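Use the sequences and the hints to build the structure in full.
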Amino acid sequence: MRGVSLTVEPGKILCVLGRNGAGKTSTIEAIEGYRKIAKGSVRVLGMDPARQHRELVKKIGVMLQVGGIYPRMNPRQALELYSGFYDDPVPVDQLIKLAELGSAQKTPYRFLSGGEKQRLALALALIGRPSVLFLDEPTAGVDAAGKQQIRAAVADMARNGVAVLLTTHELNEAERLADNIAVIDEGRIVAEGTPSELRERFGKQTVVFRTAAAIDVASFSQRLGFQLTDLGDNRYRLAEEAPANVVGTITALLAAEGVDLIEMNAGRGSLEEVFLEITSGDA
Amino acid sequence: MAAHPYQAQAKAEIRLSMTQYESLLVTFGIPLLFLVAFSLIKVLPLPHGVLKPVAFLVPGTIALAIMATGMVSLGIATGVERSYGVLKRLGTTPLSRGALLGAKITSIAVIELVQVVLLAVVGLALGWKPTGNAVEFVVAIILSSAAFAGIGLILAGRLKSEAVIGAANGLFLVLLVLGGMIFPVTSLPGPIADVARILPAYAGAHILFISSTSGGGSLAGSWIVLAVWAIGAPLLATRLFRFE
Chain X
1 MRGVSLTVEP
11 GKILCVLGRN
21 GAGKTSTIEA
31 IEGYRKIAKG
41 SVRVLGMDPA
51 RQHRELVKKI
61 GVMLQVGGIY
71 PRMNPRQALE
81 LYSGFYDDPV
91 PVDQLIKLAE
101 LGSAQKTPYR
111 FLSGGEKQRL
121 ALALALIGRP
131 SVLFLDEPTA
141 GVDAAGKQQI
151 RAAVADMARN
161 GVAVLLTTHE
171 LNEAERLADN
181 IAVIDEGRIV
191 AEGTPSELRE
201 RFGKQTVVFR
211 TAAAIDVASF
221 SQRLGFQLTD
231 LGDNRYRLAE
241 EAPANVVGTI
251 TALLAAEGVD
261 LIEMNAGRGS
271 LEEVFLEITS
281 GDA
Chain G
1 MAAHPYQAQA
11 KAEIRLSMTQ
21 YESLLVTFGI
31 PLLFLVAFSL
41 IKVLPLPHGV
51 LKPVAFLVPG
61 TIALAIMATG
71 MVSLGIATGV
81 ERSYGVLKRL
91 GTTPLSRGAL
101 LGAKITSIAV
111 IELVQVVLLA
121 VVGLALGWKP
131 TGNAVEFVVA
141 IILSSAAFAG
151 IGLILAGRLK
161 SEAVIGAANG
171 LFLVLLVLGG
181 MIFPVTSLPG
191 PIADVARILP
201 AYAGAHILFI
211 SSTSGGGSLA
221 GSWIVLAVWA
231 IGAPLLATRL
241 FRFE
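Protein chains in written order, with this note's numbering: chain X, 1 to 283; chain G, 1 to 244.
What the hints contain is simulated information worked out from the structure, not anything from laboratory work.
Note that the structure is predicted; figures quoted are calculated from it, not measured.
This list has only true hints and no planted wrong ones.
With a straight-line cut-off of 16 Å between C-alpha atoms, the simulated EDC-like cross-links for lysine to aspartate or glutamate are: (1) X:Lys58 x X:Asp87; (2) G:Lys11 x X:Glu80; (3) X:Lys59 x X:Asp88; (4) G:Lys160 x G:Glu244; (5) X:Lys12 x X:Asp179; (6) X:Lys36 x G:Glu244.
This is the structure we're talking about:
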C-alpha cells in the first residue's frame, strides 16, 4: 500500500473499490489496526487503531471476508456469545429478526447458505452498536435477493449516523450504496470522489465501437481527424471529445475500408468504463 | 450492563468442547475404556511389584486424559478456529487476547477436573487404593496440562487445520505407547525407553503413578523433564502462534 488516504464521516458510506488483489483487504486491515503500517497514520474516531486497540474495538463493527464464526455454532449461540463482549448490545432477538435468521437460528454455521452466513456476520458486526462499520466484501457469495437485503441494512445503518467503510469489487454495489468511492489499484488510490463526480471526471463524452476485424489505429485516427485508443479485442474508443457527427464519419470510414461494424455506443461512460479506464486492465 | 467478555468466552469454550463428540471420544471414551478394560482383563504387563492393574491404570489413564484434552482437543479446536478466521474475528471485538487465553485455560481446567474425578471414582469402584503424596499428584496434573496445552497450541498455531488433526492424533498414539500410561516403558526396547523418559507423557504419568502408590525411586528426573516441557512448550507456542 502506498500513499493511501481515506476519510469517512458519520452517516456516510465510503466504498473502497478495486479488483481482486488490488489491496482492499490490506487497506481495511491497516485501518482496523490488524495490520501494522510501516509509515503514515490512521485515526479511527480520533484513536490510533494499533495503540488504542482496546478502546477502539468497543466502538467498531467488523465483517471479515472469511466469516470468522465457529463452524459448529449456530446463529443464536454466536450472537449470544458476542453480546457478552459489549456493554450495551443490541438484543439477540432483534438482530435475528433484522438479519432474517429466524428459521436458521439453530443451524450450525457451517451448514448455513452463503447469504445466511453473510447476514449473520453483518448482525455480529452490528451487535455492539458501533460508530464505525468495516465491511469487507459484505455481499460476496450472496444471491441477488440477499445482496439487496444486505445493502438495505447497510444503508439503514448509515442513515442512523454510522460511518461505513465497505470494500467491494462490484461496481453496481458501489454505485448504489456509496456516498464516496475510492478506487484502489496495485495498492494505490487511483481515483476518489462521489459516484457522479467520478463519472463526470473520467467518463468523458465518448464513442466506443467494435469491429469484425482489426483496423490500423494510426491511419484510421488520421483520416477521422480524432485520436482513437485501441481497447483490444477489436474495440476502439475515441480518445478526445468530438462533435456528435463523428459517429457518421466512423461508420462511413469503416464502410470504405470494408470492415464490418459490430457495435457502437456514444455517450458518457458508465462507472464501469471509468473503472476499467483507471485501473489499467480488464476486470 | 457491564460486559463480561471473559465469562462469555469461557462459557462458549466449555460448551463447544463438551459437544465436540469426536473429541469426547479421545478425552473421555478412550481413557475410561482403557481403565475399565485393562483393570478387568489382565493382558498388559505391569511395573515390578504392582499387583493390581488398577493401581497403575488410574494414574496412567489420568495422564492419558490430560494429554488428550490439551494436545488433541484444544489443539484441534484452536487449529480449526484459526483456519476459519474465528481468532481473527475475535481480535476485532472487546475480548482481549488475555481473556481469550484465560477462557481456554478455564475450559481445559473444567474438563480435566471432570476427567480426573470420573477416572478416580471409576478406579475406586475397581478397587484403587491411592496412598502417597496428593500434593505431588495435583502438581503433576497441572504441569502436564501446561505441557500438553503448549504442544497443542504449537500445532494449532502453525499448521493447517487438517494437518493439526493428523498431527495431534498421530502424536497421541505415539505418546500413548511411549508414555508408560497403560503399560510400563520398561517393556519397551532399551533405546526407545530412554527416549520415552525425556518426553512429557512419561514424566507426567510416572510422577502420577509413583505419587499415588508411595512407591520408591527418585522422581527428580521426571520432575525436571516435566517442568521443562511445562514451561518450554507454552513459551514456544506464544512465540510461534499465528492468529491467521
